[in-house]
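Asker: We have chain F; now place chain A onto it with these hints.
Below, each chain spelled out in residue letters.
Number of protein chains: 2
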Amino acid sequence: MKVKVVSKILEANDRIAEENRKRFADAGVTVVNLMGAPGAGKTSLLERTIRALSPRMRIGVIEGDIVGTDDAERIDSLNVPVVQINTGGACHLDANMISEVLEELPLKDLDLLIIENVGNLVCPAEFRVGEDMKMMVLSIAEGHDKPLKYPLMFRESAALVLNKIDILPYMNTDMDRLRNDSLAINGDLKIFEVSCTTGEGIDRWTQWLTGLMS
Amino acid sequence: MKVKVVSKILEANDRIAEENRKRFADAGVTVVNLMGAPGAGKTSLLERTIRALSPRMRIGVIEGDIVGTDDAERIDSLNVPVVQINTGGACHLDANMISEVLEELPLKDLDLLIIENVGNLVCPAEFRVGEDMKMMVLSIAEGHDKPLKYPLMFRESAALVLNKIDILPYMNTDMDRLRNDSLAINGDLKIFEVSCTTGEGIDRWTQWLTGLMS
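The listed protein sequences derive, respectively, from chains F and A.
All residue numbers for the first sequence refer to my numbering, where the first residue is 87 and numbers rise by one.
All residue numbers for the second sequence refer to my numbering, where the first residue is 87 and numbers rise by one.
None of these hints come from the bench; they were simulated from the model.
Cβ atoms here follow ideal geometry from the backbone N, Cα and C, with glycine treated the same way.
You may find that some hints are simply not true.
[Unchecked claim] Which chain F residues stay away from chain A? Per the calculated CB distances, all over 12 Å, these:
{"no.": "1", "residue": "K108"}
{"no.": "2", "residue": "D112"}
{"no.": "3", "residue": "D157"}
{"no.": "4", "residue": "R160"}
{"no.": "5", "residue": "V187"}
{"no.": "6", "residue": "E189"}
{"no.": "7", "residue": "P192"}
{"no.": "8", "residue": "E228"}
{"no.": "9", "residue": "D231"}
{"no.": "10", "residue": "N258"}
{"no.": "11", "residue": "N272"}
{"no.": "12", "residue": "D274"}
{"no.": "13", "residue": "G287"}
{"no.": "14", "residue": "I288"}
{"no.": "15", "residue": "W291"}
[Said to hold, decoys possible] Sample of chain A residues facing chain F (criterion: CB under 7 Å; computed from the structure):
{"no.": "16", "residue": "G125"}
{"no.": "17", "residue": "D151"}
{"no.": "18", "residue": "G154"}
{"no.": "19", "residue": "C177"}
{"no.": "20", "residue": "L188"}
{"no.": "21", "residue": "L207"}
{"no.": "22", "residue": "K232"}
{"no.": "23", "residue": "Y256"}
{"no.": "24", "residue": "R265"}
With the rest of the complex left out, here is chain F (with noise of 0.2 Å):
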């Protein structure tokens, strides 16, 4: 019964996720979800990427939240369009929140959108919002036994964004075996190695981000 219930939620949010994504299309806006736990980093990438980028590459931002608008207010002092959503108390964003906040955005003249969802390694990977591709961020302190514990957000993901390698000589992570169990969920996810505290690694990554819109 619990099933069939969350069975007919997910077929309801991948017909708006679809919708979402023939607007996407329409307005020629690449559209990433972004993941990972509290904490991995998501909006300090969003901010290095951003720096990297914008306004070469015309960048907006979804902010998903469960209360506040931190993050969002983090977004706009960078000068690019933001809106923040507050999911009230939902563990990940839906395609009908997506969908009911598009009209806040110029989609038509963004190359490239980027959600940040909830921080959770779990219910985000299930819920389809109209992206062109899922995204991760997991921070090196988390360690090394995530893709174990977590599998369906690697095997879901497109690239995985390692951050705060700066500490990694305090830390007790197992690079190798991260990198490896990831890639043996999901051996087409890029790796990214970056500190966005330094800034170590982020030209690579914005270099392949930038590729992927070319």
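Answerer: Frame of chain F; chain A shown alone:
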């Protein structure tokens, strides 16, 4: 419609949680629902706690993960009773999952049962499992903005364990803001600062935990 479904699920859950609670009370075991984001250090805190208190205090553990048995194996090596629950995909434990494994544990021989929830700062706080109290672990690498972004978990918890303080010198985390925002949400919250890597702060935590039992 969606809200109604969720509310029915929560009601059914609370009914089973009450049954679990009665079983725990009959067995004379104190039950803690331990929550936190992926990689906060929940299992590491469990290991430190068991090493400090067992066998003087008789501790049992239920490990909740989406897939895998890594955490249960870590606890099993410490020679305390442990059961692994795999949720299959669900991002939290619910009362029924707990009810189904209780026969696997020697409840009457335990002083303390710790239920390690799925790594997630959102949904675990919504689902009672029959616990006496909820507690949460937060890695200081997750940043100081978590209380305002995930308030329910801070509100529901009796204790907040701030883990990984050994890497504080290398982080930009504002500990005063983290503490103040946590207490603004929940003035009764007991806050502990620990490093499960170095063992710093573990004594104060285990002393407080022991005090709860007496």
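Asker: Closer than 7 Å between Cβ atoms is the bar; does A/R265 clear it against chain F? Give me holds or violated.
Answerer: Not OK, violated: A/R265 not within 7 Å of chain F, min 16 Å.
Asker: Take a quick look at F/R160 and tell me if its Cβ sits farther than 12 Å from every Cβ on chain A, holds or violated.
Answerer: Check fails; 10 Å does not lie beyond 12 Å.
Asker: Taking the closest Cβ pair, is A/K232 under 7 Å from chain F?
Answerer: At 6 Å from the nearest chain F Cβ, A/K232 passes the 7 Å test, so the hint holds.
Asker: Would you check whether A/L188 satisfies its interface hint, that is, whether its CB is within less than 7 Å of any CB in chain F?
Answerer: 20 Å, violated
Asker: Minimum C-beta separation from F/W291 to chain A exceeding 12 Å: can you confirm that?
Answerer: Check passes; 20 Å lies beyond 12 Å.
Asker: Checking the smallest CB distance to chain A, is F/P192 really beyond 12 Å?
Answerer: About 27 Å separates F/P192 from the closest Cβ of chain A, which puts it past 12 Å; holds.
Asker: Against chain A, does F/N258 keep a CB gap of more than 12 Å to every residue?
Answerer: Its Cβ does come within 12 Å of chain A, the nearest being 7 Å, so this is violated.
Asker: Would you say F/K108 is clear of chain A, with no C-beta pair closer than or equal to 12 Å?
Answerer: 24 Å, holds
Asker: Would F/D231 pass as off the interface with chain A, using Cβ distances and a cut of 12 Å?
Answerer: Not fine: 6 Å to the nearest Cβ puts F/D231 too close to chain A.
Asker: Would you say F/G287 is clear of chain A, with no C-beta pair closer than or equal to 12 Å?
Answerer: Given a closest Cβ separation of 17 Å, the condition holds.
Asker: Can we trust that F/V187 is non-interface, i.e. its beta-carbon lies farther than 12 Å from all of chain A?
Answerer: With a cut-off of 12 Å, F/V187 remains clear of chain A, as the shortest Cβ separation is near 18 Å.
Asker: Please verify that the nearest CB of chain A lies beyond 12 Å from F/D274's CB.
Answerer: 21 Å, holds
Against the hints set out earlier in the document, violations occur for numbers 3, 4, 8, 9, 10, 20 and 24.
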